[in-house]
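Engineer: From first to last, the protein sequence lines are chains P and Y. My numbering numbers the first residue of the first sequence as 1 and each following residue consecutively. My numbering numbers the first residue of the second sequence as 1 and each following residue consecutively.
Simulated from the structure, these hints should not be mistaken for laboratory data. Take these hints with a grain of salt, some might be off.
Identical chains share a label here; the pair holds if one copy fits it or two copies do between them.
25 Å max Cα-Cα, derived SDA-like pairs, lysine to any residue [to be verified]:
id, residue 1, residue 2
1, Lys177, Arg6
2, Lys257, Glu191
3, Lys177, Phe187
4, Lys257, Cys196
5, Lys177, Leu243
6, Lys85, Val22
7, Lys177, Val90
8, Lys236, His109
Protein chains: 2
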Amino acid sequence: MSEVRRDIVTDTWVIIDTENDVVPQGVPDQPGKQTDCPFCEGNEQRTPNEIFAIRESSSANQPGWKVRVIPNIYPILQVEGNLLKTGVGVYDMVSGIGANEVIVESPRHTPHFFELSDEQVRLVLQAYRIRIEDLHKDNRLRYILIFKNHGSAAGGSLIDHPHTDLIALPATPVRVKQKLSGAREYFSYKERCLFCDIIQQEVDMGDRLVFQSDHFAVITPFASRFPFELLVIPRKHQFSYTLIDPDQIDDLARVLKRVFHVMYLTLNDPPYNLVLNDSPNLLPKHNYWTTINDDFHWHIEIIPRMDRRTGFELGTGFYINRFAPERAASVLREHL
Amino acid sequence: MSEVRRDIVTDTWVIIDTENDVVPQGVPDQPGKQTDCPFCEGNEQRTPNEIFAIRESSSANQPGWKVRVIPNIYPILQVEGNLLKTGVGVYDMVSGIGANEVIVESPRHTPHFFELSDEQVRLVLQAYRIRIEDLHKDNRLRYILIFKNHGSAAGGSLIDHPHTDLIALPATPVRVKQKLSGAREYFSYKERCLFCDIIQQEVDMGDRLVFQSDHFAVITPFASRFPFELLVIPRKHQFSYTLIDPDQIDDLARVLKRVFHVMYLTLNDPPYNLVLNDSPNLLPKHNYWTTINDDFHWHIEIIPRMDRRTGFELGTGFYINRFAPERAASVLREHL
């Protein structure tokens, strides 16, 4: 009937229905009728000035770019100002300092990530690294989050031009803290990286392994919170995305295109979120480098959003997943 | 522009937009055309046999009841069996033991909770207490969760007959653990209940207080994760819902009806979740009674679901709330 599984990294429990074999299907949004897109090449004047771009010879805010990074036009955090920490009675707050950026993934209006060329995806992955490195220099910031929302059910915006969101935060998010402390506890007990051990076990067992490439493993996690949740993780130990090398970037571009294409085919273009789980901003004064180097291991979570979260999940942080990850991996392998 | 606020209980951070004053509105589901409802009086044979009912003289599974508790027809956990804990390499799991119940709130098909009579809501609240007490006797279970999903965007079922869900779990959920440990840390430092201090502060400050009754306070939390999130909390210290007395039940029935009516009027019948946050199942052998008695304080969370969670929230446990709780309290007070 069901199993109750614990996610060893975050101490989250998931009830997994191990019998259901009806593959859930996305309900795609109506195809974009947007003919007048501010992210398309030629419309640079309709966005705020670019923060960064990969381009050959043209000048800033002009056509000729490959990947373009701009401020979010509706920022929820502002870049300027001092980071003030205040108490309000028993409560704590900090000022709304941070960064809100949009990484436009292509000059052309291509609705699906997997339709971009390998070269184009490589440039996008390089832009991720460059933006994270740049924002790491700002010591008001604690965490740089890179994520994608595809489809309205996943919180995607009205603009279906391919893009990635970036938010830089002045406090470390609770889920990141859970992951760091789960990994740290395991390391202090075993003196081995938890994620390296997970990769080893998944490759050995094979039933939750979707595929491996030269540098990455694609896995449906043991305690998947969502049907067809995926983990894309570098096979070698690497604590921060900023350490990714050119060979890994080449490989990751192909891996992500393959993953999104097989999801599209198997699940009928599902809404999804992609989240890059990186180390937090390093604080040299706390000597964090050495600790994190040993006990964290960056990875990408891909979460199809084909069902709704109820009061149960909101109230508990406990999840119900009605499609077992072993079955999900098997379905995906058939369509590779 | 915005403030980044910390929820002192769970260590969750929320970015609050302090300027937006556009009140979000629900998009109600189409009114129920269900003429043939298994929860209506007279259709008792179409559900599994009742576990419990409040009825005067009629016999079980016959018409004449006021509140009826039945097993969920699609249980995700099963009641029978031993609780087995297993390791799978680095992972942990327990067998899918637990309870899945539905508390049918009225013999009649009334779409809105606030349309029930005061007396009917009192009986529903009594049924909550009776079911929790009964399930506490089962030492395989760790946590009894009572919740309501109203509207499809909140994960509500197709059956719009008023009902509450109950799930009894074999492991303590991570959000409950966060709340317990947040409250315990505060207590060990201050020797006072964190929730009692929050009530005191909110009543003194007043800007997030929606209203007070004889026994309850209704508050928009300082670090509300969702626009118009509400906290309904007993004014006197009480660590478990099972200790609620008849006067409090009378009062809570009126308070909840008032809250749902004002939400209906102000937010256009929004989808919402209600979650009863109670103490976990007590384990006498661990001497939990005394600890919990001091440092937890039961409460009800009500969460309107007018926006979608994106990869940002899923990846971080950090939230963005585009309507400040002080404004929400003020809007609700105007409509009381």
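Engineer: State for each hint whether it applies.
Structural biologist: Hint check:
Both within a single protomer and between protomers do Lys177 and Arg6 lie at most 25 Å apart by alpha-carbon distance, with minima of 17 Å and 14 Å respectively. In the homo-oligomer, the alpha carbons of Lys257 and Glu191 never lie at most 25 Å apart, since the shortest distance is 35 Å inside one protomer and 55 Å across protomers. Taking the shortest alpha-carbon separations for Lys177 and Phe187, both the intra-copy value of 15 Å and the inter-copy value of 22 Å come in at or below 25 Å. With identical chains, the CA atoms of Lys257 and Cys196 are at most 25 Å apart within one copy only, with a shortest distance of 24 Å there and 53 Å across copies.
In the homo-oligomer, the alpha carbons of Lys177 and Leu243 lie at most 25 Å apart inside one protomer (21 Å), although the nearest pairing across protomers, at 35 Å, exceeds that limit. When the C-alpha separation of Lys85 and Val22 is checked against a cutoff of 25 Å, the pair qualifies neither within a copy, at 50 Å, nor between copies, at 28 Å. Taking CA atoms no more than 25 Å apart as the test, Lys177 paired with Val90 passes in both settings, with 22 Å inside one copy and 20 Å between copies. Within a single copy, Lys236 and His109 get their C-alpha atoms no closer than 35 Å, and across copies no closer than 59 Å, so neither meets the 25 Å cut-off.
Going down the numbered hints, you'll see the structure goes against 2, 6 and 8, while the others check out.
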